[in-house]
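Asker: Next come the chains, spelled out residue by residue.
There are 2 protein chains.
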Amino acid sequence: MTEKAYIKGSAFPPLVDGKLRLYSMRLCPYAQRTRIMLAHKKIPYETVNINLKEKPEWFLEKNPLGMVPVLEHDGKIVYESAICNEYLEDIHKQNSVTPTDPYRRARDKMLLEMNSKFTTAYYKALRGLKGEDANSLIEAVHASLVPLEKAIGERGNFYGGDKPSMLDFLLYPHYERIEGIRTGFHADFMPMDKLPKLNAWVSRMQTVPAVKETMFDAQTHIDFYKSYGSGKTDYDIGL
Amino acid sequence: MTEKAYIKGSAFPPLVDGKLRLYSMRLCPYAQRTRIMLAHKKIPYETVNINLKEKPEWFLEKNPLGMVPVLEHDGKIVYESAICNEYLEDIHKQNSVTPTDPYRRARDKMLLEMNSKFTTAYYKALRGLKGEDANSLIEAVHASLVPLEKAIGERGNFYGGDKPSMLDFLLYPHYERIEGIRTGFHADFMPMDKLPKLNAWVSRMQTVPAVKETMFDAQTHIDFYKSYGSGKTDYDIGL
Numbered sequence: 001m002t003e004k005a006y007i008k009g010s011a012f013p014p015l016v017d018g019k020l021r022l023y024s025m026r027l028c029p030y031a032q033r034t035r036i037m038l039a040h041k042k043i044p045y046e047t048v049n050i051n052l053k054e055k056p057e058w059f060l061e062k063n064p065l066g067m068v069p070v071l072e073h074d075g076k077i078v079y080e081s082a083i084c085n086e087y088l089e090d091i092h093k094q095n096s097v098t099p100t101d102p103y104r105r106a107r108d109k110m111l112l113e114m115n116s117k118f119t120t121a122y123y124k125a126l127r128g129l130k131g132e133d134a135n136s137l138i139e140a141v142h143a144s145l146v147p148l149e150k151a152i153g154e155r156g157n158f159y160g161g162d163k164p165s166m167l168d169f170l171l172y173p174h175y176e177r178i179e180g181i182r183t184g185f186h187a188d189f190m191p192m193d194k195l196p197k198l199n200a201w202v203s204r205m206q207t208v209p210a211v212k213e214t215m216f217d218a219q220t221h222i223d224f225y226k227s228y229g230s231g232k233t234d235y236d237i238g239l
Numbered sequence: 001m002t003e004k005a006y007i008k009g010s011a012f013p014p015l016v017d018g019k020l021r022l023y024s025m026r027l028c029p030y031a032q033r034t035r036i037m038l039a040h041k042k043i044p045y046e047t048v049n050i051n052l053k054e055k056p057e058w059f060l061e062k063n064p065l066g067m068v069p070v071l072e073h074d075g076k077i078v079y080e081s082a083i084c085n086e087y088l089e090d091i092h093k094q095n096s097v098t099p100t101d102p103y104r105r106a107r108d109k110m111l112l113e114m115n116s117k118f119t120t121a122y123y124k125a126l127r128g129l130k131g132e133d134a135n136s137l138i139e140a141v142h143a144s145l146v147p148l149e150k151a152i153g154e155r156g157n158f159y160g161g162d163k164p165s166m167l168d169f170l171l172y173p174h175y176e177r178i179e180g181i182r183t184g185f186h187a188d189f190m191p192m193d194k195l196p197k198l199n200a201w202v203s204r205m206q207t208v209p210a211v212k213e214t215m216f217d218a219q220t221h222i223d224f225y226k227s228y229g230s231g232k233t234d235y236d237i238g239l
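Chains A and B, in that order, give the protein sequences. Position 208 of the first sequence, counting from 1, maps to 208 under the UniProt record's numbering, and the rest follow consecutively. Position 139 of the second sequence, counting from 1, maps to 139 under the UniProt record's numbering, and the rest follow consecutively.
Hints are computed from structural coordinates only; laboratory data are not their basis. Watch out, some of these pointers could steer you wrong.
Which copy is meant is left open, so a pair is good if it fits within one copy or across any two.
As the list claims (entries may be wrong) - Within a straight-line C-alpha distance of at most 30 Å, the following computed DSS-like cross-link-like pairs (lysine-lysine) qualify:
| id | residue 1 | residue 2 |
| --- | --- | --- |
| 1 | K232 | K117 |
| 2 | K76 | K197 |
| 3 | K62 | K197 |
| 4 | K62 | K163 |
| 5 | K8 | K117 |
| 6 | K197 | K41 |
| 7 | K53 | K124 |
| 8 | K19 | K62 |
| 9 | K62 | K150 |
| 10 | K19 | K41 |
| 11 | K55 | K124 |
| 12 | K76 | K212 |
| 13 | K124 | K197 |
| 14 | K53 | K130 |
| 15 | K76 | K93 |
| 16 | K8 | K226 |
| 17 | K42 | K4 |
| 18 | K76 | K194 |
| 19 | K53 | K150 |
| 20 | K130 | K226 |
| 21 | K150 | K55 |
| 22 | K150 | K19 |
| 23 | K55 | K117 |
These figures come from a predicted structure and were not determined experimentally.
Start from the sequences and build out the full structure, keeping to the hints where you can.
Answerer: Put into C-alpha cells, the structure is as follows:
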C-alpha cells in the first residue's frame, strides 16, 4: 500500500480479508470528515488515495459518482461523507458523537444544510479570486457564515456544547483551509472582526486529538490549491 | 384556517397550543414527502399553505431558506423534507418505516443521493421542454433513472421490499408528476419500454393508503405546471 494517489490504468490494490478500507484523497475536505471520524473512534483501516482528475477504472465501480470518501468492508460499499460517518457511528458504538435528543439531531442536520450554502460560496469565491468580482464573492462567503457564527455562539465551545459532536467533525475541514487562503491568496474568508466565534472554534477544534491526526498545515493547503489552479493538480504533494 | 395559500402581507395564523403545524404548498413534491409520512403515521396536524413566489414575512422567520415543508410544534421548528421525516420517525414510533440494518440505511441514503441527480435532470428538462435541446434533456432524465430502475428490480415491490419504507416515501412525489408531463406536455420522462419496473412501482405506490391521501391527479399537475410556466403560479388551483 502506498500513500501516493492511484491513477487511471493502475492495478487494483488487493483487499485484505476483514480490513476496512477508505478510498480517500489526502487533501479532500470531504474525505477528511470521515478520516476524523475514524481517528476519533480509533477504528483500524487502510487508505487508498485516488487521483480525482484521472480516476482508476476500478474506483468508478466502487462509487459511480466518482467521489471520495468511500468505505469498503466485507463486500459492503458506503459513499458520501455524511452517510459514511453515520454508518461508522452505527456499526462502531464506542465514542459516540451523535446527539441523543431527536430535536437536536434535526437541528444539527439543518445547520449542516446551512453550511452547504457556505461551501457553495466558498468554492465560487476560490474560483473567482483573480476576477473583478472577487470582493463581492468573498462577501458572499461572510454572509453565508452568519448562521454558523450565531449557532456556535449559542452552543458553547463546540457545536456539540462541551465536546465535539458529529456536526463539528462534518463542518471542520473546510474551515481548516481558510488560514491558507488568508495567507497564500490574500483573501480573508473568515475575518476575525466579523466572525470571532467561528475563528475561536477553528482554533479549538485544532486541539482535538482526532482532528490533529488528520490535519495539514496552511502551507500544504496553499500549495495544493495552487497546483489545482494551475491545471496540474499535485495529489502527492509533500510526499 | 384556510387551504388557500398565505401570501406576503397576510396575517400570521395563530398557533394552537400542542398542535403540530405543517407549512406546505399543495402541489410541492417535497412537502408531499412529509404529508405522506404524517398520513402513514396518522399524526394529527394542521396545514398552512404558503405562496412560494410572494412569501409571507413570518414564513421566512420560520425557515430562512424560504422552502417547504416546515414543521412547527411547541416552539420547535424543523425544515428540509428528509430531516422532517426523520424527526417524525424519531418522535412518533408507530408504523416505523426506517430499516433497522445500518448498511441498508446507508444504502437507502446513497440511493436518495442518486435520486437527486434525477430531480436535477427533471427540472432542467421541464424548463427546457420548448427548446431545441428538449430531446437530449429528456434523455438525460432517462439516464438518471437507470440506477433507480436497477435498485427497484433488486428489491421487490417497494424499495423497502414487501412494504414501502422511508425511501419509497421520499422518492415517490416527483414520479407522481410524470404522468401529467407525459399527457399534458407530450414528453415521456419515464418510458415504459426503458423503465418498466419504475413504472410498475409508481402504480403500486398509488395503492398505498398514505400515498392516496396526498395525491393529486395528472390533470391538476398539468394545470399547476402550466400556471407556473406562465409566470402566474396558481397556488390555489382547484379550490
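Asker: Evaluate each hint against the coordinates.
Answerer: Hint-by-hint comparison with the structure:
{"no.": "1", "hint": "K232 with K117", "result": "both (28 Å within a copy, 28 Å between copies)"}
{"no.": "2", "hint": "K76 with K197", "result": "between (40 Å within a copy, 25 Å between copies)"}
{"no.": "3", "hint": "K62 with K197", "result": "between (39 Å within a copy, 24 Å between copies)"}
{"no.": "4", "hint": "K62 with K163", "result": "between (34 Å within a copy, 28 Å between copies)"}
{"no.": "5", "hint": "K8 with K117", "result": "between (33 Å within a copy, 25 Å between copies)"}
{"no.": "6", "hint": "K197 with K41", "result": "within (27 Å within a copy, 41 Å between copies)"}
{"no.": "7", "hint": "K53 with K124", "result": "both (19 Å within a copy, 26 Å between copies)"}
{"no.": "8", "hint": "K19 with K62", "result": "within (16 Å within a copy, 46 Å between copies)"}
{"no.": "9", "hint": "K62 with K150", "result": "between (39 Å within a copy, 16 Å between copies)"}
{"no.": "10", "hint": "K19 with K41", "result": "within (15 Å within a copy, 40 Å between copies)"}
{"no.": "11", "hint": "K55 with K124", "result": "both (24 Å within a copy, 28 Å between copies)"}
{"no.": "12", "hint": "K76 with K212", "result": "within (29 Å within a copy, 36 Å between copies)"}
{"no.": "13", "hint": "K124 with K197", "result": "within (24 Å within a copy, 40 Å between copies)"}
{"no.": "14", "hint": "K53 with K130", "result": "within (23 Å within a copy, 35 Å between copies)"}
{"no.": "15", "hint": "K76 with K93", "result": "both (19 Å within a copy, 29 Å between copies)"}
{"no.": "16", "hint": "K8 with K226", "result": "within (23 Å within a copy, 47 Å between copies)"}
{"no.": "17", "hint": "K42 with K4", "result": "within (23 Å within a copy, 54 Å between copies)"}
{"no.": "18", "hint": "K76 with K194", "result": "between (45 Å within a copy, 28 Å between copies)"}
{"no.": "19", "hint": "K53 with K150", "result": "between (37 Å within a copy, 28 Å between copies)"}
{"no.": "20", "hint": "K130 with K226", "result": "within (12 Å within a copy, 43 Å between copies)"}
{"no.": "21", "hint": "K150 with K55", "result": "between (40 Å within a copy, 24 Å between copies)"}
{"no.": "22", "hint": "K150 with K19", "result": "between (41 Å within a copy, 29 Å between copies)"}
{"no.": "23", "hint": "K55 with K117", "result": "both (28 Å within a copy, 21 Å between copies)"}
Every hint from the earlier list agrees with this structure, and none is contradicted.
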